[in-house]
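Trainee: Taken in order, these protein sequences are the chains called A and B. Residue numbering for the first sequence follows my numbering, starting at 407 and increasing by one per position. Residue numbering for the second sequence follows my numbering, starting at -5 and increasing by one per position.
What the hints contain is simulated information worked out from the structure, not anything from laboratory work. Just so you know, not all the hints are guaranteed correct.
Listed below are the simulated SDA-like cross-link pairs for lysine to any residue, each with C-alpha atoms no more than 25 Å apart in a straight line [claimed, not checked]: (1) B:122 to A:415; (2) B:13 to A:715; (3) B:13 to B:31; (4) B:122 to A:758; (5) B:143 to A:411.
Here is how the chains run, residue by residue.
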Amino acid sequence: MYRVFLSWRFLRRRRTNLIGVFGIFLAVGALILILSIMTGFLEETRRSARGSLSDLILTLPPYKDARRPREPGPILEAIRADPRVEGASAHLGWMCILTRQDESSLRILIDSQSSEIAGIKLTGVDANDEKGSTEFLESLDRVGRNKDGEIEYDSTVGRPRASVVVGEKVMAYHRLRRGSFITLMTAVPDPGSDTGWSAKKREFVVAGTFRSGENEIDLERVYVDREQLARFLAGASEDDPVPSDAILFSEVLVKLKDYSGEAEAVREELGASLYKAGLIDESCSLRTWEEFRGTLLGAIENERVLMGIMLSLILVVAGFTIFAILSMMVTEKRRDIGILTALGATPNGVLALFLLIGFWDALIGAISGAVIGTWMAIKIDPFERWLSDTFGVQIFNRDVYLFDSIPSVVTPLAVGLIVLGAFVCTLVFAAIPAWRAAHLDPVEALRND
Amino acid sequence: MTSVPNVVLKARAIRKVFKTGDTELEILHGVDLDLVAGERLALMGPSGAGKSTLLHVLGLLERPTAGTVDIDGRDAWSLTTLERAALRNRHLGFVFQFYHLVAELDAVENVMLPAMIAQSSSEFRRSKAAHLKKARDLLASFGLSERMKHRPTQLSGGERQRVALARALFLDPPLLIADEPTGNLDRDTGEKVLELLFRAQAERSLSLLLVTHDERLAERCGRVLRMEAGRIAGAKAEPASLAR
Ligand SMILES: Nc1ncnc2c1ncn2[C@@H]1O[C@H](COP(=O)(O)OP(=O)(O)O)[C@@H](O)[C@H]1O
Ligand SMILES: [Mg+2]
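Given these sequences and hints, build the entire structure.
Mentor: This is the structure:
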């Protein structure tokens, strides 16, 4: 009886204990808040990491003597024949140099400070096919498209030119407008040339922008019609038919009906059947988007774990506060420990008494911390807005983070684990002074000093 | 063992050696002591003679280096820690020179402390009303009716010692151990506390083991033992008379 009663009484009558309770409250609250925001950020990042990627990605490095079909048609047909596939489209990717200036002067190539030039990933797509296989079309918010979904030529452009859709950040960075001209330069393999490569350069007209939410993509991705890209690389003009030896596609994106359920099975079976049909060879690979972005997702997961471990240190600090306070208290209460022993308390009883003080600390601190922390995590966005409005400082820059609101995801499991962690941590730290209290010599404390 | 039925405490050949670093200091050199039921025994002697040490050994707070202490017919120092704690709780009442009340508890709560230690939460809750009444009655009989809710810091030395006495008596132990209970009080206050102590002892026919420096006080005890340098000097071997 005295353990519960006295521990509670000691806790209430000693103000120093409030420091410990407050420490745990702060640690638990901050942990929940920070971890929720971290989880929110990571989930948001994960979502945007997926970005323009489809469920399955088949990469087919183009090389001269490949014995598979040159056209994407047969492969797309075979893939679409699978009932589990929602849609598929062919992409042709090529690294290019983008510059606004149409000058062949060496200056822009040697000026390391120049912002007039940038490396970009030029991606050839069939706009219509994209509907079923990626979220690409949805991201083309400001692009001019006709009713068939094809990218429209800008009427202000004199002669017909291939048009491109550039990432929002490309647009802003190079100060482009709809109808602006950009020059793309690149090199293609050319056995006839001394170096084995020959340079290509062409002007394109900007038809619009897209926004994926993923910085990397919005900063360096430029979309173009796939056949126009094939013509560009083959050196044919915009109106010519596509030359027969042109490289036509380098990857096929597949969207599934039920990604989370069937991705692995479809990947296995589709890969095998395509290979058997002679549509792909050993150089090709069929991967899920998660495998494709494996490093990034791994890094995200890693970051989450690392964050958790680092933040747990807060708990250790809070636990240490309890340790310090309880140690002080044991020293202060030596006489009381002696009295209790004289009145019939056992060492285990004394141990329990001081452990219980830690337990109350943890109980009050962790519960209130969990409640306030969770509430803050849920209300963080209006809270930040209120702070910003009240004090006129912007805490969360919505332009920098590409999110419209502070992402925050409260997971009950995390909250539970944090509360549990607070308890374990507190009790472990309380156990040391409690053990010391139980092993104090009662007589020493009772001697007349 | 041929234990005389009315002997409540029997100590034999108690030795206590303190080790401080490399030096060993023998404080008690084989002390024998019997305490009969209802007896009032005064232990006198100069400071440093080992009186407190002996009391701690007899009160089951400090393990002797050698020797036995029989309480309630059992060799207390060969019992388990738990059994020994129960003996302290039920059979022994302590009164110290410096009162030793728990600062966080009020007078009534301090008095009920032995019952709190003895009982589980549910047991205590069930008998709480009875405990409260008993504690209040005890305090009232010690003239503390107006001090029930006071905390130790709000009480005078004499009042504190009376609360401590009530606490020692709360579970009606057959044996009361008091180590210079008036040593920290002025003469008049000390007298009053002693009157209460003697009265309670007589009413309940407790065995009282009292350490004191006051000769007049010792005269009021049935038997006086003098302690010198860890030995009991001129001990009366014969059983003590119960007379005042
Ligand atoms: N824990 C200890 N370690 C060493 N010496 C001690 C210890 N406790 C008591 N003593 C010594 O034992 C002697 C007797 O002390 P005590 O029993 O308090 O005497 P008394 O109560 O008769 O004045 C003293 O000299 C004291 O210094
Ligand atoms: Mg002493």
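Trainee: Please go over all the hints and tell whether each is borne out by the structure.
Mentor: To see whether the hints hold, each was checked on the structure:
1. B:122 to A:415: holds, 17 Å
2. B:13 to A:715: violated, 47 Å
3. B:13 to B:31: violated, 35 Å
4. B:122 to A:758: holds, 22 Å
5. B:143 to A:411: Distance of about 17 Å is within 25 Å: holds.
Hints 2, 3 from the list above are not met by this structure, while the remaining hints are.
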